[in-house]
Each structure stands twice: as C-alpha cells, then as structure tokens.
Amino acid sequence: MSDGENAKRGRPSRERHADDMIEQKPSGERRKSSVALDEARLRQQAIGVRLRQMFDQVVNEDVPEEFLDILRRADSRSSEKG
Amino acid sequence: MNQAQQANASPGSDDEAFKRELVQLIPHLRAFARTLCGDPAAADDLAQDAMMKAWDARASFQMGTNMKAWTFMILRNQFYSEKRRSWRQSQLDQEAAERTLVAVDNPEAPVALDELRQGLAMLPPEQREALILVGAGGFAYEEAAEICGCAVGTVKSRVSRARRALHAILEGGAYDRDGEPAGDAMRSILADAERLSTVR
Chain A
1 MSDGENAKRG RPSRERHADD MIEQKPSGER RKSSVALDEA RLRQQAIGVR
51 LRQMFDQVVN EDVPEEFLDI LRRADSRSSE KG
Chain B
1 MNQAQQANAS PGSDDEAFKR ELVQLIPHLR AFARTLCGDP AAADDLAQDA
51 MMKAWDARAS FQMGTNMKAW TFMILRNQFY SEKRRSWRQS QLDQEAAERT
101 LVAVDNPEAP VALDELRQGL AMLPPEQREA LILVGAGGFA YEEAAEICGC
151 AVGTVKSRVS RARRALHAIL EGGAYDRDGE PAGDAMRSIL ADAERLSTVR
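For the record, the sequence lines run as chains A and B. The opening residue of the first sequence carries number 1 in the working numbering; numbering runs sequentially from there. The opening residue of the second sequence carries number 1 in the working numbering; numbering runs sequentially from there.
Be aware that one or more of the hints could be misleading.
[Stated by the list, open to error] Below, simulated DMTMM-like cross-link-like pairs (lysine to aspartate or glutamate); rule was C-alpha separation at most 20 Å, straight line: (1) LYS53/B to ASP75/A; (2) LYS53/B to GLU146/B; (3) LYS53/B to GLU66/A.
No lab work stands behind these hints, which were simulated from the structure alone.
Please model the entire structure based on the sequences and the hints provided.
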C-alpha cells in the first residue's frame, strides 16, 4: 500500500468532483505538507465520493410510475377547478 | 376583462412550468427521503407526500428561486412532523436505516456502500442530514442551513463533525460487523474511490 502515491494520484479527482462544494482550500495550501495530512484528506475525499455515489444510486433509479400518476391526478383536479 | 382573462391564463402556464421542474426533482427527493427513512417503501411514501405538498403549495413558490432547496425543506419538515406524531417510528427508522440507507436489491453495489450506510446510521440525525445535503445533495452551506432551519455556522460544524465521526467509525470498524477486522471498511472505500476516480 503506497498511500503517498495514492494521495498524489487522488488529487486530480478531488479537483473535479470531490469536496469542491465543501472546502475550497486555497491552492497555495496544496504545497507539500505532511504525508499524514495528505492521507487524512484522501480518506475524507474517498468518503465524499462514496457518499455521493450512494445518493446518486437512488437518483439514477427509475422513478416509480406512481409518482407521475399522483401528479397527473392532482393536475386534472386543479384543471377541473380552474 | 382582458386582465382578468390573463390572470386566469397565467396560473395554468405557471403550473406547467412548476410541474416540469417538480418532475425533474423527483429522483432527488427520493434519494433524500431514502437517507432519512432508510426503508425504501417508507421513503417513497415520504417523497410522494412531499411532492404533493409542494404541488399544493405551488402558489407560494417563486419561480426562478431554488426549487430543489424548497422541496427538500418540505420533505424534511414532513419527515420530522410525521416522526413527532409517532415516536416509536423513530426506532423502526433507525433499524431500517441500519439495514438500508439505499436499496439493497442491487447486487452490484460494492461492499463498501453497506459499511458507509451503517456508519451513517450511527451519526446523530442532524449531522447525518447536514453531511448528506452538503456532501451528496450538492447544496451550498447556505442552502443546507435554509433547508434545516438553522444557522450556516451550525451546518458547517455539523458537517465537519459528521465527517470526522464517519471517518473514525469506518476506520475503527466500530459499526456492527460479522467479526471482520477493523479498518477493512476504510480500505474498501479507498479502493472503490480509487477505482471510481479512474472511471469518471
């Protein structure tokens, strides 16, 4: 396990889709700090990626027809009134 | 007369626009509901209720503002008001959350997701929801604060505490597992993240 290497390779993905909404570190801060800090960051990033994946898994599911049926019924109800 | 006719016509077209936007939000409402309820069927009930509440309240929504945040707030309020109605439900929710924060019927879901779900289930609800809104839902701290009805600083501290706690849980293997060595969860999450970052 060369976590140091992983940390370096992990960087670009962090730029793209990891925690850019959460913590925007100034780029100056990215200069070599301790390996431990890199690792901690990588781990948080990994959790962030997973978290999004978990959420997106549901987002990407097909919406049950029921949802649209309910909305259609509500729609016709309100158009009858209007 | 003309003005009255226009006034009658515009709600209809507003309704159409509103509905289009609402339909697009359904997948996100389902995902958020799933993280709150755990149980997929209960989550869909919640998401449907929230969708209808949003529809009924459409007159009070200002088109052009953030409908996603608005509907998430409705869903969240709905969830907590139902929860208050029957406190026993919360115990069931907790158990359900531990089993399924995401549908379990996906055999291709990597093992690590299961551990993440269990880890999330161990967080205090307010930390879990803050982390999910900001970390997965794509909301800014300000929006998450609005959804949760608290200060921005509160959301920030909840998110950072949640991340630290989740990391500690996964790293330490403090969740319920069948005798597998601690630290495995974190390793598999790291491995998956590595794999994902090369795929995307």
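Taking the hints in turn, this is what the structure says about them:
no.	hint	in the structure
1	LYS53/B to ASP75/A	13 Å, holds
2	LYS53/B to GLU146/B	18 Å, holds
3	LYS53/B to GLU66/A	16 Å, holds
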